[in-house]
Structures are given as structure tokens and as C-alpha cells.
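Read off the chains here:
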Amino acid sequence: MTTTTTRPTPPVRPAQRAGGPLTGFGALLRLIARRERIRVPVWILAIAGLQSAGAAAYPGLYPDEADRQAQALIIGSNPAMKAMTGPGHGLDDYTFGAMMTNEYLGIAVIFAALMSVFLVVRHTRAEEEEGRAELVRANVTGSEAALSAALVAAVIANVALGAAVAIGMAALGIETIDWPGSILFGAAFSAVGIVFAAIAAVTSQVTQFSRAASGMAGALIGVAYLLRAIGDVMENGLSWLSPIGWAQATAAYVDNNWWPILLSLVVAAALAALAFRLAARRDVGAGLRAERRGVAEGSALLGTPVGLAWRLQRATVMWWAIGMFVFGASYGSAIDVIEDYAGNEVVADLIENLGGATLTESYLAMIMGILAIAVSIFAVTSALRPRREETSGRAEAVLATGISRTEWYASHLVISIVGSAAILLATGLGLGLAATGTSAGSSILGQVIPAMLSYAPAVWVVVGVALVLVGWAPRATLVAWIVVVHAFLMRYLGALLDLPEWMMSLSPFRHIASLPAEDFRALPVLLLTVLAVALIAIGLAGFNRRDVEAT
Amino acid sequence: MASILVSGVHKSFGSTIALDGLDLEVATGEVHGYLGPNGAGKTTTIRTLLGLLRADRGTVRLLDGDPWRDAVALHRRLAYVPGDVNLWPNLTGGEAIDVFGSLRGGLDRTRRDELIERFDLDPTKKGRTYSKGNRQKVALIAALASDVELYLLDEPTAGLDPLMEVVFQDVIRQLRDDGKTVLLSSHILSQVEKLCDRVSIIRLGKVVETATLLDLRHLTRTTIEADTREVPLGLDRLTGVHDVTISGHRVRFSVDSDHLDEAVRHLSTLGLGSLVSQPPTLEELMLRHYGDELAGNGREKVGQDR
Chain A
1 MTTTTTRPTP
11 PVRPAQRAGG
21 PLTGFGALLR
31 LIARRERIRV
41 PVWILAIAGL
51 QSAGAAAYPG
61 LYPDEADRQA
71 QALIIGSNPA
81 MKAMTGPGHG
91 LDDYTFGAMM
101 TNEYLGIAVI
111 FAALMSVFLV
121 VRHTRAEEEE
131 GRAELVRANV
141 TGSEAALSAA
151 LVAAVIANVA
161 LGAAVAIGMA
171 ALGIETIDWP
181 GSILFGAAFS
191 AVGIVFAAIA
201 AVTSQVTQFS
211 RAASGMAGAL
221 IGVAYLLRAI
231 GDVMENGLSW
241 LSPIGWAQAT
251 AAYVDNNWWP
261 ILLSLVVAAA
271 LAALAFRLAA
281 RRDVGAGLRA
291 ERRGVAEGSA
301 LLGTPVGLAW
311 RLQRATVMWW
321 AIGMFVFGAS
331 YGSAIDVIED
341 YAGNEVVADL
351 IENLGGATLT
361 ESYLAMIMGI
371 LAIAVSIFAV
381 TSALRPRREE
391 TSGRAEAVLA
401 TGISRTEWYA
411 SHLVISIVGS
421 AAILLATGLG
431 LGLAATGTSA
441 GSSILGQVIP
451 AMLSYAPAVW
461 VVVGVALVLV
471 GWAPRATLVA
481 WIVVVHAFLM
491 RYLGALLDLP
501 EWMMSLSPFR
511 HIASLPAEDF
521 RALPVLLLTV
531 LAVALIAIGL
541 AGFNRRDVEA
551 T
Chain B
1 MASILVSGVH
11 KSFGSTIALD
21 GLDLEVATGE
31 VHGYLGPNGA
41 GKTTTIRTLL
51 GLLRADRGTV
61 RLLDGDPWRD
71 AVALHRRLAY
81 VPGDVNLWPN
91 LTGGEAIDVF
101 GSLRGGLDRT
111 RRDELIERFD
121 LDPTKKGRTY
131 SKGNRQKVAL
141 IAALASDVEL
151 YLLDEPTAGL
161 DPLMEVVFQD
171 VIRQLRDDGK
181 TVLLSSHILS
191 QVEKLCDRVS
201 IIRLGKVVET
211 ATLLDLRHLT
221 RTTIEADTRE
231 VPLGLDRLTG
241 VHDVTISGHR
251 VRFSVDSDHL
261 DEAVRHLSTL
271 GLGSLVSQPP
281 TLEELMLRHY
291 GDELAGNGRE
301 KVGQDR
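Residue numbers (the UniProt record's numbering), protein chains in the order written: chain A, 1 to 551; chain B, 1 to 306.
No lab work stands behind these hints, which were simulated from the structure alone.
Cross-link-like lysine to any residue pairs, in silico, SDA-like; alpha carbons within 20 Å at most: (1) B:Lys126 x A:Val295; (2) B:Lys125 x A:Ala296; (3) B:Lys194 x B:Pro162; (4) B:Lys126 x A:Ala300.
Derived list of chain A stretches under chain B, where covered just means 3 residues or more per stretch with a C-beta under 8 Å from a C-beta of chain B: (5) 303-314; (6) 393-400.
Using C-beta positions, here's what the derived DEER-type ranges look like: (7) B:Glu25 x A:Thr406: 28 to 36 Å; (8) A:Arg289 x B:Ser131: 18 to 26 Å; (9) B:Asp70 x A:Ile322: 38 to 46 Å; (10) B:Glu25 x A:Val206: 50 to 58 Å; (11) A:Arg521 x B:Thr124: 48 to 56 Å; (12) A:Ser392 x B:Arg69: 20 to 28 Å; (13) B:Pro89 x A:Ile322: 20 to 28 Å; (14) A:Thr406 x B:Gly106: 15 to 23 Å; (15) A:Ser392 x B:Thr212: 34 to 42 Å; (16) B:Glu193 x A:Gly20: 51 to 59 Å; (17) B:Gly106 x A:Val485: 44 to 52 Å; (18) A:Val152 x B:Arg69: 48 to 56 Å; (19) A:Val206 x B:Thr124: 22 to 30 Å.
Source: prediction; values computed, not measured.
Note that the Cβ used here is the ideal one computed from N, Cα and C, for glycine as well.
Bound-form chain A, shown alone (with noise of 0.2 Å):
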């Protein structure tokens, strides 16, 4: 300011604070508080309840120390193994501790990640989007508050979640997952909360909308499990560039290395820094990129039903299939390394106990398995897309028009039910190219992409049950991810655990034949087609018969 000094200045009064850029902040973290007093707790007590129960159940697995090298040897011989859990700490002298951080820790933390990416979205970048950040930054708050009183509830929440696994694992007693070991176990689930949080408060300035952010925050979670596999598998050190590596660097239990929870720790913090100073660079409400212009006539495929549809989806569609043919073309690009396990002994048992299928076959399978429960993540989100149109109020002024409901929700169902197909077919494409460019899978493209489709009656089948959800328990259409956990619950631990086999068959995927470790069976497929079409017409059914509602 550079006023001149003719003009009286008023008085100044001693009462009023000058306003930082962190006013309100104490205000607003309280917001916070009440808002998440029921969410946050959940999300805590439900992995630390998960973790202690899962550690809980190996001393009945592995009674004796045998029984324990044995899986280590399973483990540490087995690539696809070793994708799926971590680098293999401890496998010398293979004690309940050193299972906990190589076959948990890499799974369990994704859940504290994708706890953190949603809490720090929802108060930052869904508040703009709604417009409450609007009258929260008219009031007396400073521009920074939101987004400080963001993270600091992100690090609150993490610590408490850290606290409440390191008290839930050594309260267990089981010999070797001890206090200092299970105080750093504990610190990696923060550590890996931390630096997500900070990742979705960058991707909350990137983008406009709350869904983009926690979708790119989202899709980090899954780069960041992916590199650590590769990593690990390949052993080239590209676990390093994994908050999720680093969590398993830490190998609680066995080495107990507290050092890469500082690096998370400094990574988080410049994370942070970045989102503050991109804060600042841009308006309320707005994200980085200017707006740009459109058509002013819609074209004649939008003024259809399914035009439409795919209108909305479109972009949801692309980015899934896109991301999944690089995760699919990623582990298909390790495939060399597979057979190099085969020298050794116990993986011609394990061959033998797979029922005859090469090496590479069962490591396909289970990459298959996993990437398959994957793509249910994008059938659920586009499942409830209808419903989304509903709460927002825009299914109301299509539904006013001459368009049935069954139309309209045909037309959504239709892009839930071939995109996840389409997605499932990139996925294949990806692995079996990637695959097909090394010199150990020269035939693989032809058997990973029936493989991959032969995944969708399951796919269909979580559309399915969302939808029976969207027509008679609207409020409860979150209840559809309990599916896609489960199923990635049964599919990790089912085989690292003796899970009584009615738990893992509740997972539509668990029916499918594991192509092309076994043989194609199918009676399954068949009647998991039947099934995901009983569900979609009986929710269609109830959304036919209740109100449309706008909340």
C-alpha cells in the first residue's frame, strides 16, 4: 500500500488481531473433528482391527518353526509371491514379526493411504466444489486454513491409527512382535496415511472436482503398490520410489529401521509445501487449467440415452483403461524375471502343489486374479454413477422428459457393463503385449486375454449387487464396496491364510477358474452371468418402484 500521508489514519484498536493466513484454522479443525467424529474412528478401528486379527491367526498356521521356514521358502521362491506381499525381510530366520512386515504391512497400509486421501479430498477440494469453501473463506478464515486444518486432521488421524496398530499388535503377545517392533509397525501405517494425505492435497489444487483429486490420489495408491512390486520382483531398487516400498523398508520386527519413516516424513512435507504454493497460485473454486469454451449445440449421439450416458462416463472409461493396460503391460514386462525363480527345488513343489502349471502360468493367474478385482473398483463406481445423477438433482429434469426410468437406467448400465469388459480386454491387452515383447512369452498374449474377460460374469455380478442397492437401499449404495474389499481381502489373504472356504466363496471372483494356472471352467462363468442379471433387473425393479429422490 502506498498511501500518502495526508489523510488522517484511524485509529488503530488494540483489541483486533491482525489476521494471518492461518486465522480460523483452530476453528476450522474443530469443523473437522465434528464433521469426522464417526467416519475417522471407523476407518481406524476397522484396519487396526483387521491387522491384529490377521496376526492373530499365525501361530495357528505356523505352529513350529518349520512350518514357518517352509512358507518362507513358498514365499521368497515364488515371484508372483513376492508381487503380491514385499521384499522378503527376514526370510532367514522367519518369525511371526518378519511375517507380519513382509505379507501384511504392504496390503494393510493401501487402507491408511485411501483413508487419508478421502479425508484430506473431502475437506479441501469437495468443500470448493460444493461451494461451502465459499462462505468459510468469506467468514474471518485466512487462505491457508482450510488446507493446514486439512492436513493437520490427516496427521491426527494417522497417528491415532499408528497408535491404535502398534497397541493392537503388541497387546497380542505373540512372541517376536514385540513393543519397539510394533511401535515402528504402527509408524508405517502413519507414515504411508502422511505422504498420501499430502499427495491428495496436491491433487485437490490440481483439479476441479472433488472426485478427479481423490481419482488421482487413488490411481497413486495403485502406481505406488505396483512400482513396489515390480521393485521387488525385479529387485532393481524400484521399490525406492514407493511410499509403500519405504513402509516395508522399514522391516519392523526384523532390522526395525526407522529412518525411511523420516524419509516419508520429508517427502510428505515437500508434498505439503507444493499444495500450499499451488493453493496460492490459483482462485477459490478454480483448479490450474482455465476453463475452456465448448460447443453451443449438442450432437446428435448426446440427445440419445446412452449418448448421454457415455457422455458422463466417457472420460472414467478412458482414464481406466488407459491405466490398467500400464499396470497389466508392468507386471506383464516382469515376466523375464520368472523364470529365473525355476532353478531351485521348492518351486518345482510348488509347481507340483499348482497343479503341473509352469511358474509363469501361476504368476499370470494371480496377477489376473488381483487386476480382475480391480477393474470392480471402476463397475462400482460406474454403477452408482445413476445415483450420483440422482442426489445431485440432474436425473429429475432428464427423468421429466420423455425417457422412462428403465431407459435412463439402461443407458448407465449399458457403459457399467461393456466399460468394465472393455477395461478387463486393456488390462489382458497390456500384460500380454508387454509379455509378448520379452523373450520368455512369446504365446502369452493368446491365454491372458481370455483369461481377463473371463473375469467379467464377476465383474457384472458387483454391478449387480450395487444396483440391487441403488433400487432398495439408496442411502446405503456405499455398502456395494464391501464386495470389492472382500474380494480383495479373499483373494490376498486367502492365500496366505487357512479361510474357511464359504468366506471366500461369498467373492464372485473366487468361482472363476485361475486361467491359466488351471482349466476353463465354464459352468461358473455361466452362472455368474445369470446371477449379475437376476441382480440388475431385480434393483432395476426397485428403482422402478420408489421415489426419485434429491437430497
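Following the hints, position chain B against chain A.
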């Protein structure tokens, strides 16, 4: 013949009663005002007429059809403007107009372009960049550009500037001249006064009054202000006269419409200097139905307007 015939409709959401025995009749070819404060049940009524909500009890007839069962066929014959327009963030306004138009079965291109011109809308901007008023314009243009029999408008001009309000009123008059039926839910009373043939007033999920504005006025009081040569005494003894205030030779009072004659006759015996008579405004009509709520400043939570 009635385009809309609703009788004894009940609708509740959980423990909240939104419509409580609602009766509503809209004749074909009229512009019907639908008045009531927030939360009275206006939007619930319209959503029920669209078959988006299913009435718990009672009958709803729309263009001689059942809006729940024959939704699609009926929707081709009507156009709807919601009170709170939410557009797809990544579609332009022009695209959104065309989406609604084609889904309804086509719209009149010339009329579409003419309306875009008249409402001064930039159709190339994305949905997320529009202000509330501009989103409203998109929905209005999409509805008004389609050639249908019935228009259901739920507070259609909320967020529009006064110039656009004039355009809107002009377009609605044109629709009336063409013999279209319009149900106009509103709480902009001047708009209703200018456009509507008849009005229905809804309160707590029930229509408490349906009449032409002229009839409504007869039901209530006229305000009189007069200067008299003599001190204006004795008015308060007349039946139907209320709120008499006298200052010097000037008097102000309100009188029931059917007692107006006697009051004016009494005034003339006092030697009238000047006389101003004000018909009741719609505000006063509304206050008559809602005055007790205002006095109590609030009421039990009944009805849901959104």
C-alpha cells in the same frame, strides 16, 4: 376440462408430512399461480405430478393420465423447470439444452436460438462455470423451446435479473395466448399478479384457497385513506371496519369488501376532501393465511419444499 386434477393426496417422508390431503385443479389453457412459503409442499406437489414421487394416498391426474404409470407418455407432452437447476459440469449450456430437448422428443431450433438470444445466454460455456441465474436460463430455454401442452415451472425465475424477469413474463403471456397451460409455482407475488388467471395457496401441505385474484380480493379488506372536513368519528362503530387511526381530519382504516359501501357512505356524510382506496395486495392475501405463523415466528416442521 382440467389439465391437472389432484384430490386428497398425502405424501410423507418418514415422519415428515409433506402433502396432507392436497386438492389442486388447474384448468386447461390457464396460467395457474401456486403460492406458498418455503416448505409448504410446492415442490413435492410438482415432483408428484411428474411421477418422480409416488403419492401415498389420493388421486393424481395429469393430462388425463396417471403420472406414476404413464410417466413417459405424459412427459412428452409437458416441460418442467426445476427450482434449483443442477447442470452437468462438463457439458456446455447449449449441449444441455439440446439433451433435454432431444430426450423430450425434439425441440424447435428457431425458437431455441431465439430464446437464447432473448435470455442473453452464452451457450458455449461449461455447466460448472454458469452462475445460478444462467443455470436457470438453461433450464428455462430447454423447457420453453419445446412445443408441449403443459409447463410445470417451479420458481423458474429465482436468480434471474429484473430484465430477464420481463422477458420471462412476456414469454409466458405468449404461451397463454397460444392456449398452453402453465402451473407457476412462485413466491414472487408481483409475477403471479401479472401473469396468473387463478392462484392456489398452499399451506402445510394443503391448498387453503383457490380463486381468481379478483375473487380473492373480495374475500379480504380494502384499505381506505380519507381527508374529511369534520373530525371523522363513528367509523369504528360500523360493522366490518377495522384498524381505524385518526389524526386530525385524516383517517385510515381497512374494511371488509362486503361492508365497503356503508363505510364510504358514512365518510361522505363527513364531507370528503380526498379519498384513496387501495385494493389488497397479494402480500396481504398471503399474510391473511400465514399471519399466525409470522406472529409465532416459526411453526412445527411440516412439509418439505425441496
